[in-house]
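Residue numbers (our numbering), protein chains in the order written: chain A, 4 to 301; chain B, 3 to 253; chain C, 14 to 294.
For the record, the hints were derived by calculation from the structure and aren't laboratory data.
Computed from a predicted structure; not experimentally measured.
Misleading hints may appear alongside valid ones.
Quick partial rundown of chain A residues pointing at chain C, CB under 10 Å, derived from the structure [to be verified]:
hint, residue
1, GLY60
2, PHE114
3, PHE146
4, ILE250
5, MET258
Computed list of lysine-lysine pairs in DSS-like fashion (alpha-carbon distance at most 27 Å, straight line) [unchecked claim]:
hint, chain 1, residue 1, chain 2, residue 2
6, C, LYS198, B, LYS144
7, B, LYS102, B, LYS74
8, A, LYS195, C, LYS17
9, A, LYS182, C, LYS198
For every residue, glycine included, the Cβ atom is placed at its ideal position computed from N, Cα and C.
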Amino acid sequence: MIKSNSEKREKIDWLFKQLFKFTGFATIALLGGIFLMLIYNSISFFANVSPIDFFTGSQWDPGSATSKYSIIPLLASTGLVAIGSMLIAVPLGIFTAAFLSELAPKKLQTFLKPVIEMLAAIPSVAIGFLGIVLVGPGIAKIFGIENGLNALNGSVLLAVMALPTIITISEDAINAVPKSHREASFALGANKWETMFQVTLPAALPGLIAAVLLGLGRALGETMTVLMATGNASVLPEGFLDSIRTITATIAIEMGEVPYQTTHYYALFAIAAVLFMITLLINFLGEYFANRLRKFHA
Amino acid sequence: MENMKISVNNMNLYFGKKQILKDININFKTKKVTSLIGPSGCGKSTLLRSLNRMHDLTTDAIIEGVLKLDDKDIYDKQNSIIDIRKRVGMVFQKPNPLPKSIYENLAYALNIHKFPKEKIPALIESALKESYLWDEVKDELKKPAVKLSGGQQQRLCIARTVVLRPEVILMDEPCSALDPISTNKIEKLIMSLKNDYTIIIVTHNMQQAQRISDDVAFMYMGELVEFGTADQIFKNPQKELTKNYVNGHFG
Amino acid sequence: MKKKILYIFNWILLTGSTVIVTLFLGVILFDIFSKGLSSVSWSFISKFPGNGMTTGGILPAIIGTFLLTIVTTLFAVPFGVTCAIYLNEYAKPSLLTNIIRASIRNLAGIPSIIYGLFGLALFVQSLRMGTSVLSAGLTLGLLSLPYIITTTEEALKRIPNSMREATLALGATQFETIRDVVLPKSLPGILTGVILTLSRAAGETAPILFTGVAFYINTLTASLNQEFMALPYHLYMLSTQHNSIETVRPLAYGTSVVLILLVFTMNIVAFYIRFKHRTQE
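So that you can see chain A by itself, here it is in the shape it has in the complex:
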């Protein structure tokens, strides 16, 4: 009687183990499918268009009779707007993180943490909307140009979106520096500022690099903000006041209109594959630096 009960329970245990295992692997396989899908469709693209043209040309013009598929202007746009956003977000983010962990009293911290979390929660489409109605017109006024929907606008907005990531990870990195480092520095007669800039921040460097990389990954992959706020001109940009069109925006604009399984269709998967590789590389690098910090101070 009791024996049959144990047998039944062990059978149920076994069944659930298989279920968890199967579902686990199915989920992992599904996520792995993203990678395979990009590769598969990219191969179809490169069967029609030479990779050399793709990576060296200067025009993305898929609509015309003499279609041109060069990722270069899109890549340049993506890079320009992302780097611009980092120029704004990195100093702001790291200084804010330093303020939070080294300077701010407890009460102020409990106020500022939710501020950063709220900033992270705002949907990208709302930020893009502000780019159109607020930041863009502001930029147009300041620089005396007609249209503020340009790379600079995108950079400002992406900076706002990357800031929470950069601040949170930087703060963790600074907090991870052992107290003893700081105390040793104080004991040698260094004051608060010397300790911060010469001891604490350098010790947290791998974590700060990780923060910047993960913020950059976020900026590179953002779609709606740049789609709405940067003007969408798919020519090689020359400066921050030019309209640009990133990889993500290109996919968003063109995917809705291309016929299924045409070269143009595959081309969009190919540029997505490039973006995927770039963000994956940046994320892995970020994780590598974050781990280094952890090991260093373990």
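Using the hints, position chains B and C against chain A.
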């Protein structure tokens, strides 16, 4: 051999490539208290945990040799791990009550092992009485178990094991997290439980081992150095190593 | 003296940065709420758009976002939690599991539009679900999976092993231990992660662009195989695609207010659960 509850023959235990237990041979007598003593890292807890297969979830644990509960092979795949653990209960170093009420802590095992519903309240009451906890908690059985004091929690964990009427109770330093008064209560409890159960206990406390044990096993660096009655081990040890350890000359 | 100036400069640098970051949030919220709150009324959230969407409300977009989130939840939560349980409770720690874990973490950083492409290729086209609530919800579900898996695993990791040993030593099976101890104890942590993830998914636009979202639907979507309206897309459309953009600006502001309030409410609920759970421990 009649009065042997658990026998361990030629047992080796490895975690990955590291050998933790070396050629252990030991017999635990029915309804006696056996203490496992020895310096930290000597393998006494590892030995204890292998007696109810707690290493099953440690993926790189390899166990060689024969461990028997009466005449049943503990590690035979034919024998249900559920039944082994029902017969061989365990109390841990830190009290670990379930995040449920006092009553549910005891009812849990009875329910999963499908004890008849109508018998459960009586079983719980008698287990709490046996564990000297009944008078302290009888009016607040619905209270979350985590609200009890450390010593009460540990007695609850013993009651939770006793309620299943196991044959063997394993205790892994059950008093190391407790104050002297609670420790005293648990020692008394162990002495009374020995009338019904075989008890195997790991302890660091020499006085405690001396007070409560019938048999004592001294282990060192994964080997069983000496095994005998408590009197033998503490008053007349045969090996130099044992003598040094029980007299506190160990460094 | 020179040193003192330098210190003041440093102080200004750090404090100023923080003030600027705080101002960003302040400006965003002030602009949207000051110009948008007046558009929000009962009729705004309970009426259909009218007159080529220059008047009326956003009811179908609210319903659409709601339905979409339900599909996302039904797909991502069971699969994500199961996958996390497998990884944390069953999978043997090995190089392979570590690689899988790292990959899942990194998938959380993949641009959301790429999930949109995958949803288009897999659900809309290969599995012939068409552009629909179902396709879009599953796509957002995929996007949510890495977050749910990671946060659930973190919640499971916080359960000490002594908790699992307690029931195992009583003769409970591993499944019983997970069902009776591990899951109930980690539930608040899992819930916090799930709600935060869903709030993110509800605000996403890029993944639903080609998987089922529509400009305008004149019925309340009740069927899973139909196209739908969604709040974030409605805002995008009103602010860039409409042919009389200036006229619909108040509607766009109103939609922003509703969208942000929705997302913030979900966040606050999640933080409340986390806070309550932490103080209980």
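Task: Restraint outcome when ILE250 of chain A is required to lie within 10 Å of chain C by C-beta distance - done: With a closest approach of 8 Å, the ILE250 of chain A hint holds.
Task: Status of the hint placing MET258 of chain A at chain C (closest C-beta pair under 10 Å) - done: Because about 5 Å separates MET258 of chain A from the closest Cβ in chain C, which is inside the 10 Å limit, the hint holds.
Task: Residue hint GLY60 of chain A, partner chain C, criterion CB-CB below 10 Å - done: violated, 22 Å
- [ ] Assess, step by step, whether the Cα of LYS182 of chain A is no farther than 27 Å from the Cα of LYS198 of chain C, and give holds or violated.
- [x] violated, 33 Å
Task: Closest C-beta approach of PHE146 of chain A to chain C relative to 10 Å, hint status - done: violated, 19 Å
Open item on the list: Hint check: LYS195 of chain A vs LYS17 of chain C, CA-CA at most 27 Å. Holds or violated?
Closed with: Holds: LYS195 of chain A and LYS17 of chain C sit about 12 Å apart, inside 27 Å.
TODO: Sort out whether LYS74 of chain B lies within 27 Å of LYS102 of chain B, counting only the CA atoms.
DONE: Violated: LYS102 of chain B and LYS74 of chain B sit about 34 Å apart, past 27 Å.
Task: Satisfaction of the PHE114 of chain A interface hint, Cβ to chain C closer than 10 Å - done: holds, 9 Å
Task: Given hint LYS144 of chain B paired with LYS198 of chain C - CA-CA distance at most 27 Å - done: holds, 18 Å
When each numbered hint is compared with the structure, violations occur for hints 1, 3, 7 and 9.
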